[in-house]
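Colleague: Listed here are the chains, written in short residue letters.
There are 2 protein chains.
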Amino acid sequence: MTDIKAVVFDVFGTVVDWREGVARELRAFFERHGAAAADAHAAADAWRRRYQPAMEECRSGRRPFTRLDVLHRENLDAVLRECGLDPAAIAACELDELNRAWHRLDPWPDAVEGLARLKRRYVIAPLSNGNVALLLNMARRAGLPWDAILGAEVARAYKPQPEAYLRTADILGLSPGEVCLVAAHNSDLAAARTCGLKTAFVPRPREHGPGQATDLKPEGPWDVVAADFLDLARQLGC
Amino acid sequence: MTDIKAVVFDVFGTVVDWREGVARELRAFFERHGAAAADAHAAADAWRRRYQPAMEECRSGRRPFTRLDVLHRENLDAVLRECGLDPAAIAACELDELNRAWHRLDPWPDAVEGLARLKRRYVIAPLSNGNVALLLNMARRAGLPWDAILGAEVARAYKPQPEAYLRTADILGLSPGEVCLVAAHNSDLAAARTCGLKTAFVPRPREHGPGQATDLKPEGPWDVVAADFLDLARQLGC
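If you're matching them up, the sequences are chains F and W in order. Mapped onto my numbering, the consecutive letters of the first sequence carry residue numbers 1 to 238. Mapped onto my numbering, the consecutive letters of the second sequence carry residue numbers 1001 to 1238.
Honestly, I wouldn't trust all of these hints.
What the hints assert, rightly or not - Below, in silico cross-link-like pairs of lysine to any residue (SDA-like), each with a Cα-Cα straight-line distance of 25 Å or less:
#1 F:K5 x W:P1145
#2 W:K1119 x W:D1231
#3 F:K119 x W:D1003
#4 W:K1119 x F:E178
#5 W:K1119 x F:E97
#6 F:K119 x F:Q212
#7 F:K5 x W:D1003
#8 W:K1005 x F:G237
#9 F:K5 x F:E178
#10 W:K1005 x F:D45
#11 W:K1005 x F:L230
#12 F:K217 x F:P109
#13 F:K217 x F:A190
#14 W:K1119 x W:D1003
#15 W:K1005 x F:R67
#16 F:K119 x W:D1231
#17 W:K1119 x F:A116
#18 F:K5 x W:E1094
#19 F:K217 x F:E94
#20 F:K217 x W:R1100
#21 W:K1119 x F:E113
#22 F:K5 x W:R1104
#23 W:K1005 x F:R140
#24 F:K217 x W:D1003
#25 F:K5 x W:C1093
#26 W:K1005 x W:A1213
#27 F:K5 x F:Q212
#28 W:K1005 x F:C93
#29 W:K1119 x F:A190
#30 F:K119 x W:A1091
#31 W:K1119 x F:N137
#32 W:K1005 x F:N137
#33 F:K119 x F:D45
#34 F:K5 x F:E94
#35 F:K119 x W:R1117
#36 F:K5 x W:R1100
These are computed hints drawn from the structure, not numbers from a lab.
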């Protein structure tokens, strides 16, 4: 791990708590639109469930690379219909504003301080499927001290496509082995490891709420397993 | 100007003093290689003179988009030959290190504080022909507090191609009129204005040394003309 120059991060679930943040904004939206009985957490989960299939359209080549804000917005219409609301009857600007709930997610309690410590020694950047504007607005609101905003939109490829990892290292002017991906998801780390990146697992056992059954433990030979970002910083010599 | 959400910056000459920084590293290199009589400022100027023609190969489509670190490295070989040195006789790693002189440029005295003030109210990012690693390393060394690293490599187009400006606004999730380009170069501002961006001119009358004859004054209907970045921040309400 002594060769590492940059530490890059999965964001949704690893740095920020998407489920509570999205549910909070959905709940307020449902109340404004006479749907207070709708389950905001279930709707957040439904919105997130449409995330991988939407990106898969781009990964497969059936659709050109399309930034996540656009995919989220399309998926929102579908989720609202499932909740019994007609998106066509709601002002587009209000739906766009709700869509930007993904720009306003709160970091896990250890994230900002852990990133600040890691930044002293390493280049830090997101390597997220979120688009640049989303990650930038999130960073300004939450105080995430990134050196640059990288990820799918800059690499023009969605994780776990190899190009997402390899182009990010190349853009940083580094070899894959000089870059460490931090993620709460074993599948993301497995794809990064295949590309030659170093890997660090940080469990986020409440990402999917109290009943979470996946990604509770490391499931591969990751270079680092840390309890949180403060422990990660400590293990990486910061 | 009340619509502005993001302020983006030309970097070489506008934020940092490339000529003194590059000449400083060339001088030390010449001394190490028995060429102390070579004029480091003239060599810096010669290196910079090859910048536009090299990018023009990419702009014209004769060459695929190639990041600036690579173009600088090719141009360095040519400059050294003009100075009577044989680059093939020098270790590649030493030439690569010299090439990264462009990553180690000092900001003009007002730049860091001006950017910090502007950041309170606006998204700030470079819109430079420099590549991401170059701009990122420069920012870490100099303390430039960018929200994101944007520019030619992310837009896959070199200024003054319209795509460089338009894709940068699009990536920020903004319309061109919500983005203001700050530059010390009238030609850069003219291209940005044609694309619908707002424009701010900040003269840097020593960019080209004591005999500078160009870009001493605004030469177009720029939205703002400021003496330096502190004056710019003041005029933009920061």
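Colleague: Checking each numbered hint in turn, tell me which of them this model violates, lowest number first.
Modeller: Of the numbered hints, 3, 4, 6, 7, 8, 10, 11, 16, 19, 20, 24, 26, 27, 29, 30, 33, 34 do not hold.
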